[in-house]
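Colleague: Got chain E sorted already, so can you dock chain L onto it with the hints?
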Amino acid sequence: MERESERSLLTLPDPPVDDSASPVGVRAASLGASEDSGNVMTGKPIMRKPDPDLDLVERARRGDTRAFDELVSKYTPKLYGLVYHMTSNREDTNDLLQDVFAKAYRSIKRFRGKSSFYTWIYSIATNMTLNFLKKRNRRRTMSLDDVDLAIENDHDFIEATSKSDPVREANISELQERLNMAMQQLSVDHRAVVTMFDIQGMPHSEISKILGVSEGTVRSRLFYAHRLLQSHLEDFRK
Amino acid sequence: MIEKIQKRTFITPVFLEKAMKDSEDIHRLIQLKKYETPGDEYFQNFLEDFKDRQRSEMLRQSARGLLLERVSMWFDEINGTRWLVPAGATAVAAIALGVYAVRPTLSENRDVSSGVAALSASSFASPHADYSPADVGPAMDEQIITLQLPRRAPQVPALQNANQPGAQGLVPASARATYREL
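Heads up: the protein sequence lines correspond to chains E and L, in order.
Just so we're aligned: 173 in the working numbering is position 173 of the first sequence, and the numbers increase by one with no gaps anywhere.
Just so we're aligned: 70 in the working numbering is position 70 of the second sequence, and the numbers increase by one with no gaps anywhere.
Hints were generated in silico from the structure; no laboratory data involved.
Glycine is no exception: its CB is placed at the ideal position from the N, C-alpha and C atoms.
Be aware that a few hints might be false.
To be verified - Ranges between beta-carbon positions, derived for each pair:
#, chain 1, residue 1, chain 2, residue 2, range
1, L, VAL85, E, LYS114, 16 to 22 Å
2, L, ARG53, E, LEU130, 18 to 24 Å
3, L, VAL85, E, LEU130, 24 to 30 Å
4, E, ILE158, L, PHE75, 52 to 58 Å
5, L, VAL14, E, SER214, 28 to 34 Å
6, L, GLU69, E, ILE158, 51 to 57 Å
7, L, LEU47, E, ARG61, 15 to 21 Å
Stated by the list, open to error - Interface residues of chain E toward chain L, partial, derived using beta-carbon atoms under 7 Å:
#, residue
8, ASP69
9, THR76
10, PRO77
11, HIS85
12, PHE101
13, PHE157
14, ILE199
15, HIS226
16, GLN230
Same shape as in the complex, but just chain E:
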């Protein structure tokens, strides 16, 4: 019901639920995060799913460094995806990711469990990346990762290449470059929502919690960002 109500004029289809489609498996983590369920209007009790990382976080808070190591290992791929797709630079991503985990380690005792650990560390990563990008200004040196060859089996890729001449003619690295250039044309705030929604498959509600804005704002940013991306990728869409 909630899913249906999200589909309005400015809403977009929810991202694929299939975890295997995403190398970073963000969707699985986002669903595992504690989210409020239930509805005040219908009178259903508000249930909060337990944080799957609760045990690790508690141990880390007590000084168990191994527990923190586990959290680092668990969230590195997800956070890497977030930072990388916003910066389009793997060296910057590596540095930022190190800083994100260092900051999380220093302040884990302040984590009170009001949100899930996933939301908390995602917020840290997003804020640090946004600050970094705002300071970086116009220095847009791209340093891209290799494209996983699994893309050739992706349904959307096959469909796009079968119906679109430019995509068919362009090789994968050209497509990658065009996509990254188009992303870099967006403002950092728009890039953040596109990264989280389109690439990482996170729901609007989770994005709004991480960014600290309303779901309406997330939707409008997404809509506007898509309009801009359309203009940059017009030839690839036909």
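Modeller: Below, chain L without anything else, positioned relative to chain E:
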């Protein structure tokens, strides 16, 4: 829902359909970026790199930096009593202001008393003994003169013969008038 929005925003169904389709197309295209990955090796080595970097930063960080970090973390940790921080800062500022306001008065009193003591020790012992105001302090000139008044000599030595014609003494006429007033 869609009809409601259409009524409110005067968007035609054709436009709506096209906008949604365009968005879906862009969504499909952009999501292909998820195949950009650094490879499993990077993720396997990341934890070790992270630990190495943390250790090296610990060694590089100065003692003052560590202290500042600890203090800031301590302030952060007193989350429940966060209101104490501004209250404490206000109290400290008020005390500092009070100390600053009271200090000149105290030092002034101390200087006056020390000035009196100096006068008792030197000038009162010898009525004609000279003293330097600098010994007492520059701000105390006025008090010193006031204190000096009752114990001035009955006659200024240089004016003892001032009434005698032709005896001008050592002091000029203008100065003599001043001394007479005294």
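Colleague: It remains to establish, for every hint, whether it holds in the given structure.
Modeller: Structure-based check of all given hints:
1. Hint check: VAL85(L) to LYS114(E), Cβ distance near 20 Å, so the stated range 16 to 22 Å holds.
2. Taking 18 to 24 Å as the suggested C-beta distance range, the pair ARG53(L) and LEU130(E) conforms, at roughly 22 Å.
3. The given range of 24 to 30 Å is respected by VAL85(L) and LEU130(E), whose C-beta atoms sit roughly 27 Å from each other.
4. Take ILE158(E) and PHE75(L): their Cβ atoms lie about 56 Å apart, and the range 52 to 58 Å holds.
5. Between VAL14(L) and SER214(E) the beta carbon distance is about 29 Å. The supplied range of 28 to 34 Å therefore holds.
6. The given range of 51 to 57 Å is respected by GLU69(L) and ILE158(E), whose C-beta atoms sit roughly 52 Å from each other.
7. At roughly 19 Å, the beta carbons of LEU47(L) and ARG61(E) sit within the given window of 15 to 21 Å.
8. Annotation: ASP69(E) was flagged as interfacial toward chain L, and the flag holds, the nearest CB pair being 6 Å apart, inside 7 Å.
9. Annotation: THR76(E) was flagged as interfacial toward chain L, and the flag holds, the nearest CB pair being 5 Å apart, inside 7 Å.
10. Hint status for PRO77(E): holds, given a least beta-carbon distance of 6 Å to chain L, under 7 Å.
11. With a cut of 7 Å, the hint placing HIS85(E) at the interface with chain L holds, because the nearest CB-to-CB distance is about 6 Å.
12. Proximity of PHE101(E) to chain L holds as hinted, the smallest CB-CB distance being about 6 Å (cut-off 7 Å).
13. Because the closest C-beta pair between PHE157(E) and chain L is about 6 Å apart, less than 7 Å, the hint holds.
14. Interface hint at ILE199(E): satisfied, since its Cβ lies 5 Å from the closest Cβ of chain L, which is below the 7 Å cut-off.
15. Given hint, HIS226(E) at the interface with chain L, holds; its Cβ is 5 Å from that chain's nearest Cβ, closer than 7 Å.
16. With a least beta-carbon distance of about 5 Å to chain L, the hint placing GLN230(E) at the interface is held under the 7 Å criterion.
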